[in-house]
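Asks: Residue numbers (this note's numbering), protein chains in the order written: chain A, 1 to 96; chain B, 97 to 569.
For the record, the hints were derived by calculation from the structure and aren't laboratory data.
Since the model is a prediction, treat every value here as computed from it, not as a measurement.
Idealized CB from N, CA, C, for every residue including glycine.
Accuracy of the hints is not assured; some may be wrong.
[Unchecked claim] Taking beta-carbon pairs under 10 Å as the criterion, some of the chain A residues facing chain B (in silico):
| no. | residue |
| --- | --- |
| 1 | Q10 |
| 2 | V12 |
| 3 | A13 |
| 4 | L20 |
| 5 | D22 |
| 6 | V32 |
| 7 | M40 |
| 8 | R49 |
| 9 | W63 |
| 10 | R64 |
| 11 | D66 |
| 12 | D87 |
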Amino acid sequence: MAKLTVDEIQAVAKLARIQLQDNELASVSEEVSSILDFVMAINEVDTARVVPTSQVTGITNVWREDEVHKCKIAPKDLLSEAPDFQDGCIKVKKVL
Amino acid sequence: MSKYKPTIGIEIHAQLTTKSKMFCGCDNNSRKAQPNVNICPVCIALPGTLPVANKGAIEMAIKLAHGLNAKVATNTSFDRKNYFYPDSPKGYQITQMDQPIIQKGHVEILVADQFISIGIHHAHLEEDAGKLIHPEGTDYSLVDFNRAGTPLVEIVSEPDIKSTEQAKRYLQEVYNIVTSLGVCDGDMQHGNFKFDLNVSVSNSAELGTRTELKNLNSFRNAERALSYEINRQIEVLEGGGTIEQETRGWNDTKAVTFSQRSKEQANDYRYFPEPDIPPMVLSRELVSSVQSEIKILPINVRKELHLLKLSVSEQDILISQPKTAEIFMSAQARLKSPELVKQAVNWLVGDYQAILVKTKKPVLTGGNLAELITLIEDGTISSKIAKDIFAEVVAGLKPTDIVSSKGLKQLSDNSELELIIKKIILDNPKPAEAYRAGNERVLGFFVGQAMQATNGQANPTKVSSLMVKLLKE
Ligand SMILES: [Zn+2]
Numbered sequence: 001m002a003k004l005t006v007d008e009i010q011a012v013a014k015l016a017r018i019q020l021q022d023n024e025l026a027s028v029s030e031e032v033s034s035i036l037d038f039v040m041a042i043n044e045v046d047t048a049r050v051v052p053t054s055q056v057t058g059i060t061n062v063w064r065e066d067e068v069h070k071c072k073i074a075p076k077d078l079l080s081e082a083p084d085f086q087d088g089c090i091k092v093k094k095v096l
Numbered sequence: 097m098s099k100y101k102p103t104i105g106i107e108i109h110a111q112l113t114t115k116s117k118m119f120c121g122c123d124n125n126s127r128k129a130q131p132n133v134n135i136c137p138v139c140i141a142l143p144g145t146l147p148v149a150n151k152g153a154i155e156m157a158i159k160l161a162h163g164l165n166a167k168v169a170t171n172t173s174f175d176r177k178n179y180f181y182p183d184s185p186k187g188y189q190i191t192q193m194d195q196p197i198i199q200k201g202h203v204e205i206l207v208a209d210q211f212i213s214i215g216i217h218h219a220h221l222e223e224d225a226g227k228l229i230h231p232e233g234t235d236y237s238l239v240d241f242n243r244a245g246t247p248l249v250e251i252v253s254e255p256d257i258k259s260t261e262q263a264k265r266y267l268q269e270v271y272n273i274v275t276s277l278g279v280c281d282g283d284m285q286h287g288n289f290k291f292d293l294n295v296s297v298s299n300s301a302e303l304g305t306r307t308e309l310k311n312l313n314s315f316r317n318a319e320r321a322l323s324y325e326i327n328r329q330i331e332v333l334e335g336g337g338t339i340e341q342e343t344r345g346w347n348d349t350k351a352v353t354f355s356q357r358s359k360e361q362a363n364d365y366r367y368f369p370e371p372d373i374p375p376m377v378l379s380r381e382l383v384s385s386v387q388s389e390i391k392i393l394p395i396n397v398r399k400e401l402h403l404l405k406l407s408v409s410e411q412d413i414l415i416s417q418p419k420t421a422e423i424f425m426s427a428q429a430r431l432k433s434p435e436l437v438k439q440a441v442n443w444l445v446g447d448y449q450a451i452l453v454k455t456k457k458p459v460l461t462g463g464n465l466a467e468l469i470t471l472i473e474d475g476t477i478s479s480k481i482a483k484d485i486f487a488e489v490v491a492g493l494k495p496t497d498i499v500s501s502k503g504l505k506q507l508s509d510n511s512e513l514e515l516i517i518k519k520i521i522l523d524n525p526k527p528a529e530a531y532r533a534g535n536e537r538v539l540g541f542f543v544g545q546a547m548q549a550t551n552g553q554a555n556p557t558k559v560s561s562l563m564v565k566l567l568k569e
């Protein structure tokens, strides 16, 4: 049985940019632990002789020639979902 | 002398000179562009888009492998490095973690007249992030995605570097390699070649705790930051303290390193294989056809020049100009003795540099330079004539053609020279008398007169000896 500590849950929440209230921590850690348990059923399969797989199509070498193709969509349309602009740049909360 | 010895490892980021970005067809050159114009659904990460790797970037990495004396991986693939930051539209960077394209290699550097080898752990392809601007005195940052998706190669050294001097030479040598291969334009001011330095000190066989100096973009600052950081670590240890593993920045104005981020806050990047880009299998045919385009490598030039006992700074002049280095290598292969090869160097670091400043498209070939040197050597032309026609040789004319079309052949026919010299002596009875009376300094005057009379086509040594003989008659 997997048991994630509150610290671990907080670390994962931070990496995923999810804000958890203090009173949620205990229940979320229970829930995530039980989900992990469910997924961990796959550990029962013997994979000792299986090569790790991340691709199943068998396709290789999908690449393109080094040519410039200007995008047909105007930049202002591409960025229309951005909340705010200044001097052609997207304006965000200060980082640094 | 301190008993503490530094150990240094370096990560270099070099921007590739491809026309388009790493995974989309957007223009890779935004030097003069307005913000956010060279963007498309792929590089700003709109949902449902598919990155497709740039073959030009892959070929550049294959070339670089040769420069780093490294093998190209037969099987290579991309991974995702996850982090949230406004400069990363996708929330991850496509990079290479498991199967980097360039495997183990080494770079030879010349320090204190000795060639030493610095190991390359690996090098990999990845994409750059967008540019962040932090206007002073405001509560916001500005994001420009023109640079997002620009192809980079990251070159990771082994911790083989043992001094600040070695670190600087290593950086310069890798710089020479990427620029001479043409895979990076080497514009350090714009951050197109920048590096992170990992440094620790220790007074035992065990390695000390390291700190990372991030984002340096000049050789001089690398040297200063390293010296400072090595001394700082030694002082901390000698004062009984411990070194914290952390990232430090370099403050150029104050000339100090400062703590930026400690290891405890370090990110967990949750790497996993990039599902949107199928793996690559690089055939031996592809690798050899790409690498066969490489004409010369800086190390070969350096070794030739080192044999000639030229100083490192003289070597650097030639090596830092890949085209000039190419001319040198082709000329030296045609010249018979080290003395003549040295003359080729003299031409290239002397007269040629002066012409380069004024000429936009020099077309000097190694063959023509070697021919010019041979014409002087076999006495066909004087070195003065050679200097006079050098600009035309640089413009692409063949030295033998210039000499024959202009009738510049050196006067080596003694009887003809003798007539000219006799006339000069007759025309200048007073200096001739003075010479015979023992004033040998007037010989220079006579030789000058003879050179003038022959339009510089006489061999000065021959003139001088004939002159002495005839003056004494
Ligand atoms: Zn794009």
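Asks: Hint by hint, which ones does the structure fall short of?
Replies: 1, 3, 4, 5, 6, 7, 8
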